[in-house]
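What follows is each chain in one-letter form.
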Amino acid sequence: MSTHLRVVLLLLQVVAIAIGIWVGVIIWNAVS
Amino acid sequence: MALGVDGMRATKVVWKVVCLTLGTAIFIACLTMLYESMRAVMDVGGACAAGGAYEIRQACPKGVGWVMPVAIFGMVFAGIFTFVGVFSEGGPRPYVFSWSALFLALGWNFLDYGFNPPGEDGTVWGWLVCGFVFVAMGGIPLLFLLSPRAARWSLWGPDSQRADDYLHPYKPPPVRKPAAAVATVGATSSAPYARPAHVLLPEPAPASAPAPAPEPTPPRHDGGDLVTRLATLADLRERGLLDDDEYERAKNAVLGEESS
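Here the protein sequences line up with chains A and B, keeping their order. Under our numbering, the first sequence has 27 at position 27, and the numbering climbs by one with no breaks. Under our numbering, the second sequence has 1139 at position 139, and the numbering climbs by one with no breaks.
Take the hints with a grain of salt, since some may be wrong.
[Unchecked claim] Stretch by stretch, here's where chain A covers chain B in the computed footprint (C-beta under 8 Å, at least three residues): (1) 1008–1022; (2) 1031–1043; (3) 1052–1065; (4) 1091–1105; (5) 1148–1158.
[As the list claims (entries may be wrong)] Pairwise CB distance ranges, derived in the manner of DEER restraints: (6) W1108(B) <-> S2(A): 33 to 41 Å; (7) W22(A) <-> W1099(B): 16 to 24 Å; (8) V8(A) <-> F1144(B): 39 to 47 Å; (9) V7(A) <-> T1228(B): 33 to 41 Å; (10) S2(A) <-> A1150(B): 17 to 25 Å; (11) I1056(B) <-> A18(A): 36 to 44 Å; (12) R1239(B) <-> I21(A): 23 to 31 Å; (13) S32(A) <-> W1099(B): 20 to 28 Å; (14) A1150(B) <-> V7(A): 13 to 21 Å; (15) W1125(B) <-> L11(A): 36 to 44 Å; (16) V7(A) <-> D1225(B): 38 to 46 Å.
[Stated by the list, open to error] Which residues of chain A face chain B? A few of them, derived with a C-beta cut under 7 Å, are: (17) L5; (18) V7; (19) L11; (20) G24; (21) V31.
For the record, the hints were derived by calculation from the structure and aren't laboratory data. Beta carbons are placed, not taken as given, at the ideal position from N, Cα and C, and that holds for glycine.
Take the sequences, apply the hints, and build the full model.
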């Protein structure tokens, strides 16, 4: 596996965590 | 190499990347909803109820009744999604951190409300005990990150296997006695490969004192010798001294001798 792909996957995980928190808060605020 | 992964189709690489990223995003979204709904329950005293035939003393805040179970099962589903998306060849393993993320997030809620309970002063020791237990359950497994090897494996993934890993630690072919070397070269000279000359060929004898030619002895073909010869062939090919066709013919010749 190339280093480029590893870096891309790692950055995608960071982005996914940020988006996950944002989506979770949005959903909770919408239903609560 | 398709999109950075040897021997994998590009569509599969894209599919796994989507699974890995979406799995992490869904897991974190569910964890955030669980975190928020837990805080909502603790705001009303830490216990609530909804539905049923009994009179309810403390109703659950809006949304808690379905958000909690959906978030819990959503995390399980997302974890499986992430697991499917992980590349065995390398890359991050986010599922390694899911246990710690869950218990540290909920443990923080227990500690936060234990030290600052809503509507009263002092501390709530029941929540504090839960908080310390949860933080320990989530934090102790993270100590594995102190090991550089484990941290590298979970964030960067295992290293790709090198083509000559089976040779490690590399041992050069043994230097043979001249007589055996001559016999070996003679017996295999028809094959399209040859060992390095400095390994196999003896020093030339002085012309003034010709030594009687020793009786050629058959080459030994025990398991260790076979492995050494195959390793030498692979080494020669890797160094560019043999092309693929020559390597295949030489390997077949070695294996043919071994089986005969």
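Verification of the supplied hints:
Counting residues of the region 1008–1022 of chain B whose CB lies closer than 8 Å to any CB of chain A gives 5, so the stated coverage by that chain holds, three being the minimum. Given as covered by chain A, the region 1031–1043 of chain B passes the check, having 7 residues with a CB less than 8 Å from a CB of that chain where 3 are the minimum. Against chain A, the region 1052–1065 of chain B contributes 4 residues with a C-beta closer than 8 Å to a partner C-beta. That satisfies the three-residue criterion, and the hint holds. With a threshold of 8 Å between beta carbons, the proposed coverage of the region 1091–1105 of chain B by chain A holds, since 3 of its residues qualify and at least three are required.
Counting residues of the region 1148–1158 of chain B whose CB falls under 8 Å from any CB of chain A gives 3; the rule of at least 3 is met. The hint said 33 to 41 Å for the Cβ distance between W1108(B) and S2(A), and at roughly 38 Å that hint holds. Separated by about 23 Å at the C-beta atoms, W22(A) and W1099(B) satisfy the suggested range of 16 to 24 Å. Between V8(A) and F1144(B) the beta carbons are some 25 Å apart, a value that contradicts the proposed interval 39 to 47 Å.
Our hint of 33 to 41 Å for V7(A) and T1228(B) holds, since their Cβ atoms are close to 40 Å apart. Between S2(A) and A1150(B) the C-beta distance comes to about 23 Å, which sits within the given range of 17 to 25 Å. Here the CB-CB span from I1056(B) to A18(A) is close to 38 Å, well matched to the stated 36 to 44 Å. A hinted range of 23 to 31 Å for the beta carbons of R1239(B) and I21(A) is inconsistent with their spacing of about 52 Å.
With their beta carbons about 27 Å apart, S32(A) and W1099(B) fall inside the hinted range of 20 to 28 Å. For A1150(B) and V7(A), the Cβ-Cβ distance of about 20 Å falls inside the hinted range of 13 to 21 Å, so the restraint holds. About 43 Å separates the C-beta atoms of W1125(B) and L11(A), a value consistent with the hinted range of 36 to 44 Å. One distance hint, 38 to 46 Å for the beta-carbon pair V7(A) and D1225(B), holds here, with the actual separation near 45 Å.
A distance limit of 7 Å between C-beta atoms decides the matter here; for L5(A) the minimum to chain B is near 3 Å, and the interface restraint holds. This hint is violated: V7(A) has a C-beta 9 Å from the nearest C-beta of chain B, more than the 7 Å allowed. The interface hint given for L11(A) is broken, as the beta carbon of that residue sits about 10 Å from the closest beta carbon of chain B, more than 7 Å. With 7 Å as the threshold, the beta carbon of G24(A) comes within range of chain B, its nearest partner Cβ sitting at about 3 Å, so the hint holds.
Here the hint on V31(A) is kept, as its CB sits about 4 Å from the closest CB of chain B, short of 7 Å.
Against the hints set out earlier in the document, violations occur for numbers 8, 12, 18 and 19.
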